[in-house]
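Residue numbers (the working numbering), protein chains in the order written: chain A, 1 to 174; chain B, 1 to 174; chain C, 1 to 81.
Simulated from the structure, these hints should not be mistaken for lab results. Check before you lean on any hint, since a few could be wrong.
Cross-link-like lysine-lysine pairs, in silico, DSSO-like; alpha carbons within 30 angstroms at most [claimed, not checked]: (1) Lys25(C) x Lys73(C); (2) Lys2(C) x Lys26(C); (3) Lys2(C) x Lys17(B); (4) Lys15(A) x Lys56(C); (5) Lys15(A) x Lys25(C).
Now the in silico label distances, taken between C-beta atoms and shown as ranges [what the hints assert, rightly or not]: (6) Ile125(B) x Gly54(C): 25 to 35 angstroms; (7) Trp134(A) x Phe54(B): 13 to 23 angstroms; (8) Gln60(B) x Leu153(A): 15 to 25 angstroms; (9) Tyr149(A) x Gly54(C): 21 to 31 angstroms; (10) Val58(B) x Val146(A): 55 to 65 angstroms; (11) Ile27(C) x Leu153(A): 16 to 26 angstroms.
Since the structure is predicted, the reported quantities are computational estimates derived from the model, not experimental observations. Glycine is no exception: its CB is placed at the ideal position from the N, C-alpha and C atoms.
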Amino acid sequence: MKKLEEFCKERWLWKEGLIIAICAALFYVYFQRPIGISSGYATLSYLLSESSVDFNRAKIFAIVNIGIIFGAMIAAWSERCLGKWKLFGKKIRWKQLSLALAGGLLMGYGAKIANTCLVGTMLSGIPNGSFQGWFFLLFLVPGVPVGVYLIKLVNGFTLNSANRKNAGQGGSQT
Amino acid sequence: MLVALVIGLILGWVLYKGRICFANMFLQSVYLKDRRGLAGIFLILFITSAAIIFVQIVLQLMGLPLPQGKWQVGIPTLAGAFLFGIGMTLSGSCTATALVRVGEGTKTYLLVILGIIVGFYLGDIHYADWWRNTFIFTDKTIWRVMPWGLAAFLHLSLLAAGYVIFKGVKNEEI
Amino acid sequence: MKKYELDVCGQLCPGPVLEAETLLKKICPGDQIAIYTDHDIVGYNLMDWAEGKGLKAKMDEIESGMWRVTVIKNKKRGDSF
Numbered sequence: 001m002k003k004l005e006e007f008c009k010e011r012w013l014w015k016e017g018l019i020i021a022i023c024a025a026l027f028y029v030y031f032q033r034p035i036g037i038s039s040g041y042a043t044l045s046y047l048l049s050e051s052s053v054d055f056n057r058a059k060i061f062a063i064v065n066i067g068i069i070f071g072a073m074i075a076a077w078s079e080r081c082l083g084k085w086k087l088f089g090k091k092i093r094w095k096q097l098s099l100a101l102a103g104g105l106l107m108g109y110g111a112k113i114a115n116t117c118l119v120g121t122m123l124s125g126i127p128n129g130s131f132q133g134w135f136f137l138l139f140l141v142p143g144v145p146v147g148v149y150l151i152k153l154v155n156g157f158t159l160n161s162a163n164r165k166n167a168g169q170g171g172s173q174t
Numbered sequence: 001m002l003v004a005l006v007i008g009l010i011l012g013w014v015l016y017k018g019r020i021c022f023a024n025m026f027l028q029s030v031y032l033k034d035r036r037g038l039a040g041i042f043l044i045l046f047i048t049s050a051a052i053i054f055v056q057i058v059l060q061l062m063g064l065p066l067p068q069g070k071w072q073v074g075i076p077t078l079a080g081a082f083l084f085g086i087g088m089t090l091s092g093s094c095t096a097t098a099l100v101r102v103g104e105g106t107k108t109y110l111l112v113i114l115g116i117i118v119g120f121y122l123g124d125i126h127y128a129d130w131w132r133n134t135f136i137f138t139d140k141t142i143w144r145v146m147p148w149g150l151a152a153f154l155h156l157s158l159l160a161a162g163y164v165i166f167k168g169v170k171n172e173e174i
Numbered sequence: 001m002k003k004y005e006l007d008v009c010g011q012l013c014p015g016p017v018l019e020a021e022t023l024l025k026k027i028c029p030g031d032q033i034a035i036y037t038d039h040d041i042v043g044y045n046l047m048d049w050a051e052g053k054g055l056k057a058k059m060d061e062i063e064s065g066m067w068r069v070t071v072i073k074n075k076k077r078g079d080s081f
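From just these sequences and the hints, can you work out the full model?
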């Protein structure tokens with residue numbers, strides 16, 4: 001299954017998108033508020049800070065988030081070898097881990113300030129017609145080249161020599 | 001509540017099986033200049049918009065009040081979006097996709113989730129002190145600015161146009 | 001035809017594609033890059049990237065938990081393998 005190749009074929013992504021849309025609409029109707037993923041994180045962060053929050057209101061979002069984790073777990077479990085659940089990551093790169101942590105921090109900070117996250121914008125911000133959704137997407141775009149620049153900065157502008165090896169003529173692989 | 005958990009499970013399943021990663025769509029379209037990423041974004045926006053507009057039509061026909069969300073746009077939103085864009089690129093996922101990756105077994109994303117929670121907490125502190133006092137433009141949605149039918153029509157047609165435009169762009173070969 | 005190896009084990013989503021892109025610009029047409037990774041998401045990402053560039057790529061799982069994507073740079077525009 002390819003992520004983006006299927007756009008040209010169209011048929012496959014429509015089905016998945018429709019299921020996502022039904023989930024978002026269902027949430028909207030049942031819980032009387034638009035869906036959001038950052039609110040689920042908000043409940044977890046409020047455990048740290050004990051600031052004033054209406055915990056009952058926000059609890060359902062955290063449950064949705066946990067559901068996403070387990071849903072993906074079940075899907076992966078069913079797809080791979082009927083029961084083998086592998087953990088990825090044989091090698092650990094500290095640069096990558098620090099980048100991931102920094103990325104997470106920036107995402108959390110940005111999500112709180114903007115009061116939404118990306119999936120919340122796309123699934124409920126824009127469909128509900130808010131200006132916030134469009135502004136969020138618009139100002140998200142300049143952040144991407146900055147992030148790419150930072151990645152290149154951390155990894156060195158050229159490839160690491162340890163990464164790239166010439167296998168030579170008549171190499172053993174393939 | 002159980003419904004929230006079920007919705008989360010379905011979302012996790014679909015996001016994994018479909019290998020949908022919103023951050024990846026942005027990365028492809030902005031950095032690699034591969035237009036199909038944007039087509040994917042518009043497609044998902046279109047489908048979810050159609051679903052929620054349909055739900056709103058049904059609710060209005062039944063005479064029930066429409067659920068409202070809290071939307072606001074201001075300086076915090078724009079800055080938050082920018083930071084979110086950077087963080088998304090660095091960590092390789094958005095907030096929902098991070099959950100999916102944890103569910104499928106990639107250990108690194110546990111760090112990302114931790115970063116998001118801590119970032120949220122930091123943002124909460126700063127928000128209460130500083131960001132909230134900056135300029136906030138509006139908290140309207142498009143629905144309040146225009147009559148309802150016209151807004152719905154413009155919305156859907158804009159998204160459909162965006163999808164069609166970006167779908168058929170061929171990429172150059174190197 | 002030279003074969004290059006690229007080891008991106010442990011790197012997350014944008015990283016491997018950026019590195020592969022950099023490497024692709026430096027090699028001659030007809031060369032082949034074998035990219036080793038330990039996330040299948042990265043593998044699918046690279047397949048999409050190669051598809052977007054019009055290159056042929058194939059991905060195989062060489063052992064439990066390691067994937068290899070092989071990309072061949074085109075000789076000329078419009079050439080197909």
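Now for the hints, and whether the structure bears them out:
Restraint check: the Cα-Cα separation between Lys25(C) and Lys73(C) comes to about 10 angstroms, which is no more than 30 angstroms; the hinted pair holds. For the suggested pair Lys2(C) and Lys26(C), the alpha carbons sit about 12 angstroms apart, so the restraint of at most 30 angstroms is met. With a C-alpha separation of about 36 angstroms, the suggested pair Lys2(C) and Lys17(B) falls outside the 30 angstroms cut-off, and the hint is violated. The suggested pairing of Lys15(A) with Lys56(C) holds, with an alpha-carbon distance near 27 angstroms, which does not exceed 30 angstroms.
Between the alpha carbons of Lys15(A) and Lys25(C) the distance comes to roughly 37 angstroms, so the proposed pair goes past 30 angstroms and is violated. Here the CB-CB span from Ile125(B) to Gly54(C) is close to 49 angstroms, at odds with the stated 25 to 35 angstroms. Between Trp134(A) and Phe54(B), the C-beta spacing of about 21 angstroms keeps the proposed range 13 to 23 angstroms intact. In this structure the supplied range 15 to 25 angstroms is violated for Gln60(B) paired with Leu153(A), their Cβ-Cβ distance being about 52 angstroms.
About 27 angstroms separates the C-beta atoms of Tyr149(A) and Gly54(C), a value consistent with the hinted range of 21 to 31 angstroms. Checked against the hint of 55 to 65 angstroms, the pair Val58(B) and Val146(A) fails, with Cβ atoms roughly 43 angstroms apart. The hint said 16 to 26 angstroms for the Cβ distance between Ile27(C) and Leu153(A), and at roughly 24 angstroms that hint holds.
In terms of the numbered hints stated before, the structure departs from hints 3, 5, 6, 8 and 10, listed from lowest to highest.
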